[in-house]
Amino acid sequence: MNACSEELVKSAMVAGQWDEVCEVAKRWVEEPDCGPRPYFALNVVYLLRGDFSQAWKVFPQALAEESDKDVVRVWISSLREEFPEAPYVLLVQAMFHTQCGILEDAIANFEQVAVLVPQLPYPYFFLAQIHHRQERIDKAVKLYREAVKRDPTYVVARLKLGLAYQEQGQLEMAIPQYREVLKLHPDEVLGHTNLACALAEQGKLDLGIEEYKKALHLNPQDAEVHFALGGLYENKGRRDLAKRQYEEALRLNPDFGPAATAIGWFYYEKGQMDFALDYFSQALKANPNDAQATFGVGRIYEEKRKPEMAVQHYQRALNLEKDPDRKHRILNFMDKLFG
0 MNACSEELVK SAMVAGQWDE VCEVAKRWVE EPDCGPRPYF ALNVVYLLRG
50 DFSQAWKVFP QALAEESDKD VVRVWISSLR EEFPEAPYVL LVQAMFHTQC
100 GILEDAIANF EQVAVLVPQL PYPYFFLAQI HHRQERIDKA VKLYREAVKR
150 DPTYVVARLK LGLAYQEQGQ LEMAIPQYRE VLKLHPDEVL GHTNLACALA
200 EQGKLDLGIE EYKKALHLNP QDAEVHFALG GLYENKGRRD LAKRQYEEAL
250 RLNPDFGPAA TAIGWFYYEK GQMDFALDYF SQALKANPND AQATFGVGRI
300 YEEKRKPEMA VQHYQRALNL EKDPDRKHRI LNFMDKLFG
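For the sequence shown, the residue numbers in numbering that gives the first Met the number 0 are 0 to 338.
None of these hints come from the bench; they were simulated from the model. Heads up, a few of these hints could be off.
[Claimed, not checked] Simulated crosslink set (DSSO-like; lysine-lysine; CA at most 27 angstroms straight-line):
#1 K212 with K242
#2 K212 with K182
#3 K148 with K182
#4 K321 with K305
#5 K305 with K335
#6 K335 with K303
#7 K269 with K305
#8 K335 with K321
#9 K235 with K326
#10 K321 with K242
#11 K235 with K269
#12 K305 with K284
#13 K9 with K56
#14 K269 with K326
#15 K56 with K68
#16 K213 with K182
#17 K68 with K9
#18 K212 with K235
#19 K138 with K148
#20 K213 with K269
#21 K242 with K269
#22 K213 with K203
#23 K235 with K213
#24 K182 with K203
[Unchecked claim] Pairwise CB distance ranges (calculated):
#25 K305 with E268: 33 to 41 angstroms
#26 D69 with R237: 55 to 63 angstroms
#27 D104 with P253: 37 to 45 angstroms
#28 R304 with S52: 46 to 54 angstroms
#29 R48 with E103: 44 to 52 angstroms
#30 E65 with R237: 34 to 42 angstroms
#31 E103 with P253: 40 to 48 angstroms
#32 D69 with D205: 50 to 58 angstroms
All values reported here derive from a predicted model rather than from experimental measurement. Ideal Cβ positions, reconstructed from N, Cα and C, are used throughout, including at glycine.
Could you put the whole structure together from the sequences, leaning on the hints where they help?
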């Protein structure tokens with residue numbers, strides 16, 4: 000049966016019939032001693048679909064070990080020898096090279112696929128991904144646009160294009176991409192969260208809040224979205240609603256340090272130092288390098304008239320903090336303490 004599954008996957012792969020590849024590979028992984036090849040086939044299909052969470056789930060069975068990489072490498076090489084003119088096999092090889100970190104070969108493969116099948120969006124998208132990760136944002140934008148041009152319904156390409164525009168500060172270009180995603184798929188959670196973030200960056204907090212609410216309606220278990228919504232409420236001065244969202248984020252993920260830090264500052268500002276210290280400590284347990292939680296502990300020690308402990312935490316917070324304004328604030332408190 001193993002040989003039969005392999006032949007069916009091979010035939011579907013050569014033809015670019017990705018649904019068939021997926022269906023057969025799912026059966027293949029149920030067979031004893033199937034090895035990494037069917038998992039890699041599933042990984043490829045999930046990546047092409049933009050289902051990165053599923054791709055990541057099967058990655059350990061596909062390419063985590065060097066021995067698995069060797070098996071898959073030999074398999075793909077044999078396919079390339081058998082079908083030297085098949086662009087979809089070349090595409091699969093490109094995706095193998097990408098995930099193995101052989102980026103020069105991956106780029107060359109993707110560029111060849113783009114020549115062989117000019118209307119195919121995938122090589123442009125994955126080339127864009129490579130450039131995006133290497134912070135060549137201008138190049139990535141051009142390639143994402145080429146992918147979307149070839150398939151206007153390619154949701155993940157639109158999402159990534161919007162994100163790249165957002166990183167460039169071109170919010171007026173990013174927002175239409177997210178809105179188009181939501182026209183295509185109204186239940187696309189990332190469409191709502193990315194749009195919410197972009198609107199908030201434009202200062203449109205109320206619209207951003209509505210988009211985060213829509214995202215939470217679709218997935219109420221997302222701690223990061225609860226936290227982001229809390230941040231917008233706090234910016235609007237709705238501290239009661241902000242605290243509620245931070246608490247929900249922490250309930251969903253007790254190791255979500257930023258939420259614990261935010262709640263700690265709420266209690267600190269109310270003068271409830273013991274509660275504040277508990278939350279700052281929880282944040283530091285999750286992330287010992289949380290600069291704001293470290294600073295918060297320092298403030299509490301200063302309030303409790305323990306200047307030596309306060310200075311130790313201020314100094315550590317200063318070393319950890321990246322934001323210039325927050326660094327300046329920490330220095331001000333240190334100056335006051337030293338008189």
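**OP:** Hint by hint, work out which the structure violates, then give me just those numbers in ascending order.
**Re:** 20, 25, 29, 30
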